[in-house]
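Please model the entire structure based on the sequences and the hints provided.
Number of protein chains: 2
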Amino acid sequence: MVSYKAPLDDIRFCLYDLLGYDDRVTTLPGCEEATRDVVDAILEEGARFCENELLPLNQSGDSEGCHFDKGVVRTPKGFKEAYAAYRVAGWTGLAADPIYGGQGLPKTLEFLVQELICSTNMSFGMYPGLSHGAYNALETWGSDDLKARTLPHLADGRWAGTMCLTEPHCGTDLGLIHTRAEPLEGQRYGITGQKIFISAGEHDLTENILHLVLARLPDAPSGTRGISLFLVPKFLLGESGDDLGQRNGVSCGSIEEKMGIKASSTCVMNFDGAEGYLVGEPHGGMKAMFTMMNAARLGVGIQGLGLAETAYQSAVAYARERRQGRSLAGPAEPQQKADPIIVHPDVRKNLMTMRALNEGSRALAIWVGMELDVAERHPDMTRRQEADDFVALMTPVIKAFCTDHGFDAATRAQQIYGGHGYIKEQGIEQLVRDARITQIYEGTNGIQALDLVGRKLGQNMGRLLRRFFHPVHGFIEENQTDPTLAIYVLPLAKAFSRLQQATAWVAQQGLRDPEEAGAAASDYLRLFALVALAYVWARTAKLCLAKQEGDSGGFYRAKINTADFYMARILPESNALFQQIMAGKKPLMAMAADDF
Amino acid sequence: MVSYKAPLDDIRFCLYDLLGYDDRVTTLPGCEEATRDVVDAILEEGARFCENELLPLNQSGDSEGCHFDKGVVRTPKGFKEAYAAYRVAGWTGLAADPIYGGQGLPKTLEFLVQELICSTNMSFGMYPGLSHGAYNALETWGSDDLKARTLPHLADGRWAGTMCLTEPHCGTDLGLIHTRAEPLEGQRYGITGQKIFISAGEHDLTENILHLVLARLPDAPSGTRGISLFLVPKFLLGESGDDLGQRNGVSCGSIEEKMGIKASSTCVMNFDGAEGYLVGEPHGGMKAMFTMMNAARLGVGIQGLGLAETAYQSAVAYARERRQGRSLAGPAEPQQKADPIIVHPDVRKNLMTMRALNEGSRALAIWVGMELDVAERHPDMTRRQEADDFVALMTPVIKAFCTDHGFDAATRAQQIYGGHGYIKEQGIEQLVRDARITQIYEGTNGIQALDLVGRKLGQNMGRLLRRFFHPVHGFIEENQTDPTLAIYVLPLAKAFSRLQQATAWVAQQGLRDPEEAGAAASDYLRLFALVALAYVWARTAKLCLAKQEGDSGGFYRAKINTADFYMARILPESNALFQQIMAGKKPLMAMAADDF
Chain A
1 MVSYKAPLDD IRFCLYDLLG YDDRVTTLPG CEEATRDVVD AILEEGARFC
51 ENELLPLNQS GDSEGCHFDK GVVRTPKGFK EAYAAYRVAG WTGLAADPIY
101 GGQGLPKTLE FLVQELICST NMSFGMYPGL SHGAYNALET WGSDDLKART
151 LPHLADGRWA GTMCLTEPHC GTDLGLIHTR AEPLEGQRYG ITGQKIFISA
201 GEHDLTENIL HLVLARLPDA PSGTRGISLF LVPKFLLGES GDDLGQRNGV
251 SCGSIEEKMG IKASSTCVMN FDGAEGYLVG EPHGGMKAMF TMMNAARLGV
301 GIQGLGLAET AYQSAVAYAR ERRQGRSLAG PAEPQQKADP IIVHPDVRKN
351 LMTMRALNEG SRALAIWVGM ELDVAERHPD MTRRQEADDF VALMTPVIKA
401 FCTDHGFDAA TRAQQIYGGH GYIKEQGIEQ LVRDARITQI YEGTNGIQAL
451 DLVGRKLGQN MGRLLRRFFH PVHGFIEENQ TDPTLAIYVL PLAKAFSRLQ
501 QATAWVAQQG LRDPEEAGAA ASDYLRLFAL VALAYVWART AKLCLAKQEG
551 DSGGFYRAKI NTADFYMARI LPESNALFQQ IMAGKKPLMA MAADDF
Chain B
1 MVSYKAPLDD IRFCLYDLLG YDDRVTTLPG CEEATRDVVD AILEEGARFC
51 ENELLPLNQS GDSEGCHFDK GVVRTPKGFK EAYAAYRVAG WTGLAADPIY
101 GGQGLPKTLE FLVQELICST NMSFGMYPGL SHGAYNALET WGSDDLKART
151 LPHLADGRWA GTMCLTEPHC GTDLGLIHTR AEPLEGQRYG ITGQKIFISA
201 GEHDLTENIL HLVLARLPDA PSGTRGISLF LVPKFLLGES GDDLGQRNGV
251 SCGSIEEKMG IKASSTCVMN FDGAEGYLVG EPHGGMKAMF TMMNAARLGV
301 GIQGLGLAET AYQSAVAYAR ERRQGRSLAG PAEPQQKADP IIVHPDVRKN
351 LMTMRALNEG SRALAIWVGM ELDVAERHPD MTRRQEADDF VALMTPVIKA
401 FCTDHGFDAA TRAQQIYGGH GYIKEQGIEQ LVRDARITQI YEGTNGIQAL
451 DLVGRKLGQN MGRLLRRFFH PVHGFIEENQ TDPTLAIYVL PLAKAFSRLQ
501 QATAWVAQQG LRDPEEAGAA ASDYLRLFAL VALAYVWART AKLCLAKQEG
551 DSGGFYRAKI NTADFYMARI LPESNALFQQ IMAGKKPLMA MAADDF
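Going line by line, the protein sequences match chains A and B. Each residue of the first sequence is one higher than the one before, starting from 1 at the first, in UniProt numbering. Each residue of the second sequence is one higher than the one before, starting from 1 at the first, in UniProt numbering.
Do not take every clue at face value.
Heads up, the list lumps identical chains together, so a pair's fine if it works in one copy or across two of them.
[Unchecked claim] Once the Cα atoms are required to be at most 27 Å apart in a straight line, the calculated DSS-like pairs of lysine-lysine come out as:
| hint | residue 1 | residue 2 |
| --- | --- | --- |
| 1 | Lys424 | Lys70 |
| 2 | Lys80 | Lys70 |
| 3 | Lys424 | Lys77 |
| 4 | Lys547 | Lys5 |
| 5 | Lys77 | Lys5 |
| 6 | Lys147 | Lys77 |
| 7 | Lys542 | Lys287 |
| 8 | Lys542 | Lys586 |
| 9 | Lys147 | Lys287 |
| 10 | Lys586 | Lys547 |
| 11 | Lys424 | Lys5 |
| 12 | Lys80 | Lys5 |
| 13 | Lys287 | Lys337 |
| 14 | Lys542 | Lys494 |
Derived from the structure by calculation, the hints contain no laboratory data.
Structure, rendered in structure tokens:
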């Protein structure tokens, strides 16, 4: 069985000690009430809910999967009740606008709760997660009328939402979309086409489902510039806003049999002249879609982190309990027939790798979460822009790095379980299967790397990049002469210098030949992430060195040990990545396609 | 669907061009008839069988799985017929001794056929694979009487075999085994205990199953020095050798529900005073067991390679066919709505990584396979010893590196398939699930690394190591002044020098503190493998540079491109591994176990 307790101590450390939550978030207009007390109370309540309600349904949900029968999808046993409890507890509207019945809390908090949900039941989390994306898109791009008629129902969780983008012949390349939107009278459109891989496309958790669908108007230019976004409800919106109208012409044709997240329905959705309403401008669908997509990408990164945390905790519990062989340093527990496997260096290497990347990713993700709030609420527009830049820059990094880590962590945990980890009953192999999709959906991690290298690096003459490079540079400058910090600051400085060189090289080469940037992209994103984590860990170490003495110093000493490990045994990968980037495109583009 | 054609051209290149099969193997006593013609004919027949009989059952076997009912195990539909055809075609006795009805062909050939089987149906391959291990153990350690009564049936495939080692409380640490062997009259023993994770422990493919069981005699010393090996047949051996006696006291209690290899039965085996016969010396079970285990470890490495080949070929086929987006260099096929994704650098990076590691691993594995034959048959005992040393050194490297690669390759192929790769129907996610066990069983890859570092490095004053270091050193010496080879020889020389330094460090530190060797082990094994592949690729490039001109040069030009890729974009990892090794144990052993 997996072991999990919400890592509230580490979350609090990130929020309050490392990232200055109070000064950065509680001071924002509308966040005044989100004080430490409130945040702590919500986190504790969230932890209880996830540990007690969601975790017990995770493995049974995987075994049972979703059921499909003539267009109707039934979620696994217990999901309906859990969702009802989730709604009643107010989790669906945590960060929603109070105008629409939400609690108006900071997005940071929503980020944190998302991690707990993904740690305990990623499949369950898909349903409210998608609704949340739909809320954001409608709030940003919907007409006042649409907002009034939909947002209160999304905020209170009575209704759910989806993102309908992919078609059988196109996923990454949305310019190829076929789905058509024919204008009807009264600002209504008839939507016709087929969408696939639609998460939460049909289910039995809510009274209605609001599909946000990409389609082409009759006069649309070809490619992505001719795509518009439409709201297509499962049941038409009733007159009063509260009652449901008749069933719309949208239906679920089948659900997919997948490697994992089996309790999350993945649907083929057929639109047969279904009634829809334009969201945003005609042909402005890609822009509106990216409102959902960017939030979804961060959410997927959090899924990776959430799974990695459960993998880590389970592996630690197993490594403490399972006895095989003796410590290489001599029997650690001579009265027992064998020592717990946590004594073995290779087991520890796996545990420390998971730990260092979990805690580092968490700090980075929370930093991004806070900047989301700043970008939305700060009174100073310059500061808002800075925060928005930072979030835009970091979104592909969080999505790709945290999900690669989530899969890697699940795999390492499974390795520690040995043969037992391959057996379904233990629940560890499920983490591996569930984690695998996070590297693929909402833009594969290869696409994230292209987004970073091809769009974010060059945007506004490198302005986005400075939002990250400046603080790193400042920290190095400020601390490079402190001998107690040398073991953190020196490796950080070296890796940062490699990142700067690689950045200049990629920018230069990429201008001359975009394939050079493409060939560097994945390695560059990983190098970027490793430097970001090195910065997080160097700051963490500096903070914790001052607090490690005394009885309550255990938490801080563990942080310092983990920072030491990160610098010595993980960060050297940056060296290899740098060389691989600088080797350029030729070694991978030289071969003729027919020779493969 | 997966795509697969047996890579016969590459196998022939490795055998005849790169590794001198004719001089090395056909000249061995008893191998005179295994000429190129014979080898080629067998490979072609093997390819046909695997592509036409085994591949079509791979996905259905996964969906259906094995059935268990009151001690009886039924394999999935079609397996029984496929196994019968496999037997009739003579594959079970390919390398078995003609005295026992085998064909007496070189082990090299068996290695090659194993790859084809694992590429097309790894689950199926488990059944004859285990029988093969039992054959080896009985041939080496069994009494003449036991051999005469069992080996002909294993060679002709009427009977199968198993390895019964693991118990619920011990896998890696076999010293903890509880299963007892009580002496009965007439050199018989009563075996009592429970074994778990027994592959092919029970099934419906053969008339009888021979279990090779580790157990303790009453007077056994504790730990691994008190373990003996017993043969426990499912049906007692009849008088004539051909007929079956009565059912023995061994039965299958249940089969496991696993992440993958679902068509391979993984059994709980209960021994209730079952009749058994000693194989080898009393308390000499570990030694006898390692005869099976070492062959099994090489076999598992080949499983990794086999899966990686199917992953690669499927990904290439998909990348040529799936169209998304445009080449970054401008439309490659402007008349189409989008270009095939093989134009994208990141897709190519994944394909080239798979290709370079597949072909490199294959060459290394075939080299080891040939040395197995030399070790067994060469008239010069010194040459035999050299070959045996080389095989012993390389066994953990092949097991761990090829299986890590197999899983990685399956994952990369799945990534190229995008969302479609997550759907069961495509067959790619099965490769990922199947590959995962190869990193775990027959000694986890962490255990392989300890075997390399803790046993093989120091054995006979580093004699084993010299079997690999000498040829590498010689090649570098011989070619370092050739400017056309500089792009291969220089990186090889650098990486080799790192490996030599790391070896000295690990040996020195390990003597002082075994935990230092343990902390280095996994990274050291990977560094070792990367250097071994660099050597293979440098030799390959040298050979192919001379053959690349003209119409038939395509194959050789592709080899050169792949060698270039390996040196430029894979080998730099050796840099990071070196630093990680040299960072020592402290960063991973410093944390108190309670602080995790």
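Cross-check of the supplied hints:
In the homo-oligomer, the alpha carbons of Lys424 and Lys70 lie at most 27 Å apart only across protomers (21 Å), although the nearest pairing inside one protomer, at 30 Å, exceeds that limit. Taking CA atoms no more than 27 Å apart as the test, Lys80 paired with Lys70 passes inside one copy only; the shortest distance there is 20 Å, against 37 Å between copies. For the identical chains of this complex, Lys424 and Lys77 are neighbours both inside a copy (19 Å) and across copies (23 Å), given an alpha-carbon limit of 27 Å. In this homomeric assembly, Lys547 and Lys5 come within 27 Å of each other (Cα to Cα) only inside a single copy, at 24 Å, whereas the closest approach across copies is 62 Å.
Taking the closest pair of Cα atoms, Lys77 and Lys5 come within 27 Å of each other only inside a single copy of the chain (23 Å); across copies the shortest separation is 44 Å, beyond that limit. Taking the shortest alpha-carbon separations for Lys147 and Lys77, neither the intra-copy value of 33 Å nor the inter-copy value of 55 Å comes in at or below 27 Å. In this homomeric assembly, Lys542 and Lys287 never come within 27 Å of each other (Cα to Cα): the closest approach is 41 Å inside a single copy and 53 Å across copies. In this assembly of identical chains, Lys542 and Lys586 lie within 27 Å of each other by CA distance solely across copies; the values are 19 Å between and 42 Å within a copy.
Proximity of Lys147 and Lys287 under a CA criterion of 27 Å is satisfied intra-copy only: 18 Å inside one chain copy versus 74 Å between copies. Only between protomers do Lys586 and Lys547 lie at most 27 Å apart by alpha-carbon distance; the minimum there is 21 Å, versus 50 Å within a single protomer. Taking identical chains as interchangeable, the C-alpha atoms of Lys424 and Lys5 lie at most 27 Å apart only when both belong to the same chain, with a minimum of 21 Å there against 32 Å between chains. For the identical chains of this complex, Lys80 and Lys5 are intra-copy neighbours only, at 24 Å inside a copy versus 47 Å across copies, given an alpha-carbon limit of 27 Å.
Taking identical chains as interchangeable, the C-alpha atoms of Lys287 and Lys337 lie at most 27 Å apart only when they sit on different chains, with a minimum of 22 Å there against 63 Å within one chain. When the C-alpha separation of Lys542 and Lys494 is checked against a cutoff of 27 Å, the pair qualifies only within one copy, where the shortest distance is 18 Å, while the shortest distance between copies is 36 Å.
Against the hints set out earlier in the document, violations occur for numbers 6 and 7.
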